[in-house]
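Take a look at the letters that make up each chain.
There are 2 protein chains.
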Amino acid sequence: MNEQDKLLKARDRFIDSMAKNMSLYGITHSVGRLYGLLYFSEKPMTLDEMKDELGMSKTSMSTAVRQLQELNMVEKVWKKGERKDLYQAADDWYESFSALFSTSWRTGISLNISTINRSLKELRALVENPETSDEVKTSAVLDIEKYQYALDYYDWLNRFVDSLESKEIFDHIPKKE
Amino acid sequence: MNEQDKLLKARDRFIDSMAKNMSLYGITHSVGRLYGLLYFSEKPMTLDEMKDELGMSKTSMSTAVRQLQELNMVEKVWKKGERKDLYQAADDWYESFSALFSTSWRTGISLNISTINRSLKELRALVENPETSDEVKTSAVLDIEKYQYALDYYDWLNRFVDSLESKEIFDHIPKKE
DNA sequence: TAGTTCGTAAAGTTTTAACTGTACAAATTA
DNA sequence: TAATTTGTACAGTTAAAACTTTACGAACTA
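Protein sequences appear in the order of chains G and F. The numbering used here applies: residue 410 is where the first sequence begins, and numbers increase by one. The numbering used here applies: residue 410 is where the second sequence begins, and numbers increase by one.
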């Protein structure tokens, strides 16, 4: 094996490991590999270059790249005289980490919160209604406690995401040891 | 609709919302629903009760419950005179949150770190080898920087997980507002 | 204007994951 | 000991996701 091959093999090994890891965050192995390819590429790449490099269809590259763009892990680059779209890997992984979670979590959290509030409102009406049987009332009171607990939790989660978005998290867990 | 139904409908609505949310963490909608069922259940449940309640197979309940146990979101309960296994929802969501991420992330992180270290070692040998061409050498030097960056990032991630596991995170982002 | 090239939508195929039914080992009961 | 019950492994099926091929509009080129 020549020296160049050694370098490429080392890259490949790491890219694969990284892609496996990303599947924990809901990123496909293939999409993860594409990110790795772009991360090590010295120049921005076109869809055709990606498809040749990874041996996949151009359509897959197109959708994968869009996915990575939505996660702020890849950005489009403009180059004069170049007709094709060029893409490069975003190099701030801490930023990507924050963005990944804020983006995907925020919506879910607020949906959950409004669902809880709606249910809470209904249950409180139930408890205050004199026609409600005692049996149902005690159940309702128990449920209200559980909703309240959940509400507190989602509030915490929201503040957690806040600290990611605001980079405050890096005050508590600094980047360099 | 009677009062009891209102209560159940409110539960159902929230459970569904919660289960959808959980899919972001890699938990299936069905498994999420099972957790919700157990969360609101006033008593620990058997596999048969779960399957009747959710209209699914007993096998599915068995695997789902095991999954939730591995995530420390559900625990087996012993009750005298009861032949069947009983399960109840773990009620500390902050604990579950921490456990979920520590468990699933730790392995991946350390795998990545050792992969990087292996690649770094090889590349350094490459750079120090007088037979390596200058072209490959410059590529290797660039790659080494990228590996180093990744290494720093995974170190940060490790410390992040540390602060989840040690509950230190709650010093920075307190549970109650 | 007609002919290319590029990116992506849409439909079709393949692969993977979720779920079910059957079967069986272990524990329990008679 | 034989007969039940309980939980789960395993194989098979169904549902979902990933990926490819085809096709086409938009932008560029001659």
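Please note that the accuracy of each hint is not assured.
What the hints assert, rightly or not - Straight-line distance between alpha carbons at most 20 Å, and here's what the computed SDA-like set of lysine to any residue pairs gives: (1) Lys418(F) to Ala534(G); (2) Lys418(G) to Glu544(F); (3) Lys546(G) to Glu544(F); (4) Lys555(G) to Lys452(F).
Simulated from the structure, these hints should not be mistaken for lab results.
Exercise for review: Taking the numbered hints from earlier one at a time, note which ones the structure violates and give those numbers from smallest to largest.
Suggested key: Checked against the structure, the only hint that fails is number 3, while the rest are satisfied.
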